[in-house]
Amino acid sequence: QYILANESVKLTLETQGLESMKGQHYEGWNIINGKAISTGRFSITQKGQIYSVKTTGEKLNKIGEEGIAHFELSKNHSQATLFVLTIEPNNDSDPNPSTVHVLGGEYSNYQASLSIAHGSSLGSDFSNASGSYILAAPTGGNPNQGVWFVNPQQGIGALELPELPMGWAYEGWIVNTKNNKKFSTGIFQNPQQMDSDGAGPYAGPLKLSFPRVPGQDIVATPVVLDDGIHAVVVTVEPYPDYDPAPYAIKILKSDIEENAQGMVNYPLENISPSAPSGSVHIH
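Positions 379 to 661 (this note's numbering) are the ones given, in order, by the sequence shown.
Hints are computed from structural coordinates only; laboratory data are not their basis.
Bear in mind the structure is a predicted one, so any value in this text is a computation, not a measurement.
Treat each hint with caution, since some may be false.
[As the list claims (entries may be wrong)] Under the rule of at most 30 Å between Cα atoms (straight-line distance), these lysine-lysine pairs were calculated in the DSBU-like manner:
(1) K437 <-> K631
(2) K425 <-> K437
(3) K425 <-> K560
(4) K556 <-> K425
(5) K437 <-> K453
(6) K559 <-> K400
(7) K556 <-> K453
(8) K400 <-> K440
(9) K440 <-> K453
(10) K453 <-> K413
(11) K585 <-> K437
(12) K413 <-> K425
(13) K425 <-> K631
[What the hints assert, rightly or not] Simulated restraints on C-beta separations:
(14) S452 <-> S508: 25 to 33 Å
(15) G497 <-> N411: 12 to 20 Å
(16) A598 <-> D633: 23 to 31 Å
Glycine residues also receive a C-beta, built at the ideal position from the N, C-alpha and C atoms.
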C-alpha cells in the first residue's frame, strides 16, 4: 500500500565485501518487464563511504556508508523482478549494463538477496574451487623466485576452477603480507593454458623455458618468496579490468612457508566465503 500511494520509491542496497576501485564504478539495475533500468551509479571510498557518481566516475553526493546505500527512484521500479549489480568503466558511453555482473537476485515482496552465485551474475559460489602451486623459477632463477600453478609430476595445471561467464577472468597474485606489495602472476580463463603474460615481466634469461600454465617468475627482482611474509592468492577479476589492484572476489589463498621447498606442491585454501554478497529492498 505504501508503495502504491507514492510517486517515488526508495531502494536500499546493503552489501558486504565490496571494495573501492580505480578506473571503474558500480551500477545497480532493476529488470522491469525484461528491460534493465538503472537504479544509480556509485563508488566506494577506502573508508567505506558511498557516493553517487557521474559516468566519468566523478563523485557527486554521499548516499551511504558501511555497505548501506539509499536511492530514490520512480514508482515503476516497484515492478522489478530482478536486481543486478554491475561494474562499469569510467567514461562509459554505453547506457546498457556491462557484461561484468557482480551480484544478482530475484525480488520477492520487494526484497532480494544478492549473491555472486546467482545465474544473472557469476553463477558460482566457488565453494568447489581448489588447487596447488609450486615454487620454481624455470627461466633461470632460484626456486624461491617464482610461483607456478602446476603439478610438476604430470606437467598439467594444478587449479580446479569453474568456467567463468563473459566479463570475468581469473588472476593470480604474489602478496607481501607486511607491506601489501603485490605482483600479478597473470590473467587467465583456462587454468590448463598459459596466462596473459607467460613467465611475466620479471622473468630470467631463459624466456621460453617455462610451463604453459598460469604462473610467474620474479627473477629480475630482489624479492624471495620463502621468507615467511608472502602469500599466493587467486582472484576473480572484471574483464576487461581498469583497476590494477586485486578485486574483492578472492577464492584461493596460501601463506608461503618460511624456507618452503622448491618443486613441492603446496595446497591452496578455499576462501570463497569472503566473496561479496548483499540484499536490496524497495520501500
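Checked hints:
no.: 1; hint: K437 <-> K631; in the structure: violated, 34 Å
no.: 2; hint: K425 <-> K437; in the structure: holds, 14 Å
no.: 3; hint: K425 <-> K560; in the structure: holds, 21 Å
no.: 4; hint: K556 <-> K425; in the structure: holds, 20 Å
no.: 5; hint: K437 <-> K453; in the structure: holds, 26 Å
no.: 6; hint: K559 <-> K400; in the structure: holds, 17 Å
no.: 7; hint: K556 <-> K453; in the structure: violated, 50 Å
no.: 8; hint: K400 <-> K440; in the structure: holds, 18 Å
no.: 9; hint: K440 <-> K453; in the structure: holds, 22 Å
no.: 10; hint: K453 <-> K413; in the structure: holds, 15 Å
no.: 11; hint: K585 <-> K437; in the structure: violated, 44 Å
no.: 12; hint: K413 <-> K425; in the structure: violated, 34 Å
no.: 13; hint: K425 <-> K631; in the structure: holds, 25 Å
no.: 14; hint: S452 <-> S508: 25 to 33 Å; in the structure: violated, 46 Å
no.: 15; hint: G497 <-> N411: 12 to 20 Å; in the structure: holds, 19 Å
no.: 16; hint: A598 <-> D633: 23 to 31 Å; in the structure: holds, 24 Å
Against the hints set out earlier in the document, violations occur for numbers 1, 7, 11, 12, 14.
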